[in-house]
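Once you have looked at the hints, place chain S on chain W.
One line per chain: the protein sequences are W and S, in this order. Be aware that the first sequence starts at 0, since it is given in numbering that gives the first Met the number 0, and climbs by one per residue. Be aware that the second sequence starts at 0, since it is given in numbering that gives the first Met the number 0, and climbs by one per residue.
Because the hints were derived from the structure by calculation, they are not lab data. Only a predicted model underlies this, so the values are computations on that prediction, with no experimental measurement involved. In this text, a Cβ means the ideal position worked out from N, Cα and C, and glycines have one as well. A portion of the hints provided could be inaccurate.
Just a few of them, taken from the derived set where beta-carbon distance is under 10 Å, the chain S residues facing chain W [what the hints assert, rightly or not]:
# : residue
1 : Ile113
2 : Thr130
3 : Lys132
4 : Leu134
5 : Arg236
6 : Thr433
Away from chain W, derived, C-beta distances all over 12 Å, residues of chain S [unchecked claim]:
#  : residue
7  : Glu97
8  : Glu120
9  : Arg131
10 : Arg175
11 : Val301
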Amino acid sequence: MSERTMPATAGQLWKGLRLRLSAFALVPAIALLIAIGASTNEAFLLPANWLTILQQSSILALLVLAESLVLISGKFDLSLESTVGLAPMLGGWLVSATAIGGSGLSLNPYLAIVVTLLLGLAVGAFNGLLIVRLKLNAFIVTLSMLILLRGITLGITSGKTLYDLPPEFTYLGSAVWLKVPASIWICALFFGLAWFLMRYHRYGRALYAIGGNAEAARAAGIRVERVSFAVFVVASLLASLAGLLLSGRLGAVTAQQGSNLIFTTFAAAVIGGISLNGGKGSLAGALAGVLLLGIVTNILTLSQIASFWIDATFGAIILIAQIFARLAGGERSQL
Amino acid sequence: MTAPALTATPVSPAPLPSAPVTPAAPIVRGANLSKAFGATPALRDLSVEVRAGEIRALVGRNGAGKSTLVSLLTGMLEPDSGAIQFSGEPAPAPRARELWQSKVACVYQHPKIIPTLSCAENLFLSQTMRTRKLLSWRKMRREARALLERWGLQVDVDTPAGALGVAERQLLEIARAMIQGSRLLILDEPTAKLNAKEIERLFVKMAALRSMGVGILFISHHLDEIFDIADSVTVLRDGRKVLDGLIHGLDRAELIDAMVGPTSTPTLRSTAATTTHTMTTAHMTSARMTTAATSDRSHSAVRLDIRHLSCQGLFEDVSFKVKARECVGLAGLTGSGKEAIGEVLAGLKDFDSGTICLDEVELPGGDVAKHNRAGIGFVPEDRHREGLVLDLSVAENATMTIAGRLGRFGFIHPQTLASVSTRLIDRLGIKISTPDQPVSTLSGGNQQKVVLARALARDPRALVLINPTSGVDVASKAALFASIREVASQGAAVLIISDELEELELCDRVLVIRSHRLTREFLPPFAARDLIAEMEAKMQRGVAA
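Next comes chain W alone, as it looks inside the complex (with noise of 0.2 Å):
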């Protein structure tokens, strides 16, 4: 309050520099974890540890893109998770035999990719309806589409697993490129293309707008509702395209596939540094997020905590983070 008037001082001057060194913040810790990784156990800086470990995060870090650009833009969205589970399973229940719970339509598996992606489109785009034509709160209606999302699910399949898929729907969640999983260059690609648009491209640009003061943004020429619509639609495609890396990395597909995955997708925007109110927070940060937890479960499994010791660690983390946030970076923003 008191502060508001002073001239351009060094307080201004460090709080900018502070905005821009927030997106390396994680550094430091992730670098202390790795060192506690590395003394604890030999088998941490392995190679194919590190691969396991980028693996396992690859579905979480494509959630946590999906729903970074949906925060940064001001909204929310709870039901990625869901769509984690319904894209797949729609994919799957097509092309499987009723044997094994599936619908016995034998679809084509590249076209059941499409379903699945095209699920994610249509449940985005629900959603965009609902949240920016409607007006609806964010909050009620994706947490009612996260349990609409799920109880179709379990509806479909009475609850049963989906295993035997066609080669052809997992090929991207268990192939090996270059001897790297391929859903670790799928991620790394999206991660790094979405990066380049949010900070280059005037779509990007216009997300970070609209998340600040969209009043100010539509007064810029943005198209605010057409931006928060379409982002809505990706991220949802996201989250099935993370459905589909999951499910083809189990070669197979469960019920309850993504349940509680939003949790830990918010955990690690959020300590990752993309702001609950909109419009602040970068993709690297996000993604240093993504990194630190995956260490972290890594950490755990390797020296054989019992892994219902997890959740706990991740809540601690994230409020441990948050008050780390508070201390560090002062107060919250003023607007």
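Leaving out everything else, chain S in the frame of chain W:
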């Protein structure tokens, strides 16, 4: 960011094309504009024009149609009838935002910046959105740096715009608005949140723009400012134009008459007692009572006694007393620490050393509830942020500080709420249709009265107000002043922390705080010039563009 988008639109518009043909078409001309919202006419057959190199003040009480006119001139709304021309050419199509932006630039009352983005990005956001090319950060920063330098804005282009002060944010907005190359600039109450020095700096910029041939439509509630900077004035009342002419040769009385209307016999405020036609009989009486009270004030007891009060970085060793029935002004530039004193008195902030005594009882500091119960009423600086919960009703807002008294065990008794709030609403003459009406539906003046009602709900023994009449129309100002004087006349100690001369001139004495310390006391009648000089002494004056 394309090269042409930036370079083809100079910061300062080039001089007028060729020597002005006489008479040059005005930069903007709105002819016979009418606009109604449902059955309510907002503008009726209004014509207005702004010429190159003219600063035209647009004046009117809240609800007179100023905002509607601005919306029409910026293409945000379409007139029901009438036409708008820019330099003799018809206005762009309603949806062609880009074309509108090249014709008219507007800096709104509420900032239209993106607080999370850097200054550089805010400046060039429209350009970024139009180009198909990728954004060149380096180039954008460079151009932004040059631009800010030309506007005398000493901030780092990478600073998030939300971190800027009000005055800088405004200059950023003006700079951004002018990038589009428009020759008409609309400033909607730009001075409302600025201190005297910042206003002076803004006026220097406005004068510079005027000399470059830009036409400015300037909206303000401050008549002094209008006489200071404007060349001509258009007065609106009830959606009609009631006065249009050059400032030169016009006096304040005429201007106020035009704003307030013919039914009234406004008395210009020449003495401490402000009266206008809108004041109720109660107000009039109180004004008279005040004068009577002045004589025994010298004998009345000290209510508020502040000794050696310090608050790290905000103010140092501040001591003063306010007696019962006394109205003391506290003046200072923004950043002088004057607001902080108010916030400390209200209990919003804790202090480091010194004492605050109210009727010889020491207050703890840093505890709003305790200060409030001890008898301090507080009107905060920003009514939208700290004063009101906009979606709650007038009744709930007015009684918020005394919710505990409205029923037992924390339950609020509806009838008690209704009767208590009605009493407060009547006392302050708040114009509403029902006490259940959300505060957000009220005009600025009436909202501020609700804030005052809230402060008065507990019958405070000391009333502390920060800029109590900022951003409200002249009539509401008068009513608010009268209410404040009435509170004082009933025995309260009143402290008005303000940078508005109109408010300070009403006080029994005015203390000046400069660079965190009290420096001088003024007793009326004092010259406004001296007061401002004291506030600004040793401070750097506004720098020319």
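**Message:** Confirm or reject: Glu120(S) is not an interface residue toward chain W, with every Cβ-Cβ distance exceeding 12 Å.
**Reply:** The claim is violated: Glu120(S) sits with its nearest Cβ about 7 Å from chain W, within 12 Å.
**Prompt:** Do the numbers back the hint for Thr130(S), that is, is its least Cβ distance to chain W under 10 Å?
**Reply:** Constraint on Thr130(S) satisfied, holds at 7 Å.
**Prompt:** Going by Cβ atoms only, is Ile113(S) closer than 10 Å to chain W?
**Reply:** 4 Å, holds
**Satisfaction of the Thr433(S) interface hint, Cβ to chain W closer than 10 Å** = This interface hint is violated because 27 Å lies over the 10 Å limit.
**Item:** Arg236(S) as an interface hint toward chain W, with CB separation required under 10 Å
**Value:** 29 Å, violated
**Asked** Beyond 12 Å from chain W, beta-carbon-wise, is Arg131(S)?
**Response** 8 Å, violated
**Asked** Holds or violated: is there a CB of chain W closer than 10 Å to the CB of Leu134(S)?
**Response** The hint holds - Leu134(S) has a Cβ within 10 Å of chain W, the shortest such distance being about 5 Å.
**Item:** Interface-negative label, Arg175(S) against chain W, beta-carbon threshold 12 Å
**Value:** 9 Å, violated
**Message:** Checking a non-interface call: every C-beta of chain W should be farther than 12 Å from the C-beta of Glu97(S). Is that right?
**Reply:** Since the minimum Cβ distance to chain W is about 6 Å, Glu97(S) lies within 12 Å and the statement is violated.
**Asked** Holds or violated: is the Cβ of Val301(S) farther than 12 Å from all Cβ atoms of chain W?
**Response** Its Cβ never comes within 12 Å of chain W, the nearest being 28 Å, so this holds.
**Request:** Using Cβ atoms only, decide whether Lys132(S) comes closer than 10 Å to chain W, and label the hint accordingly.
**Result:** 9 Å, holds
Consistency with the previously given hints fails for numbers 5, 6, 7, 8, 9, 10, ordered from lowest to highest.
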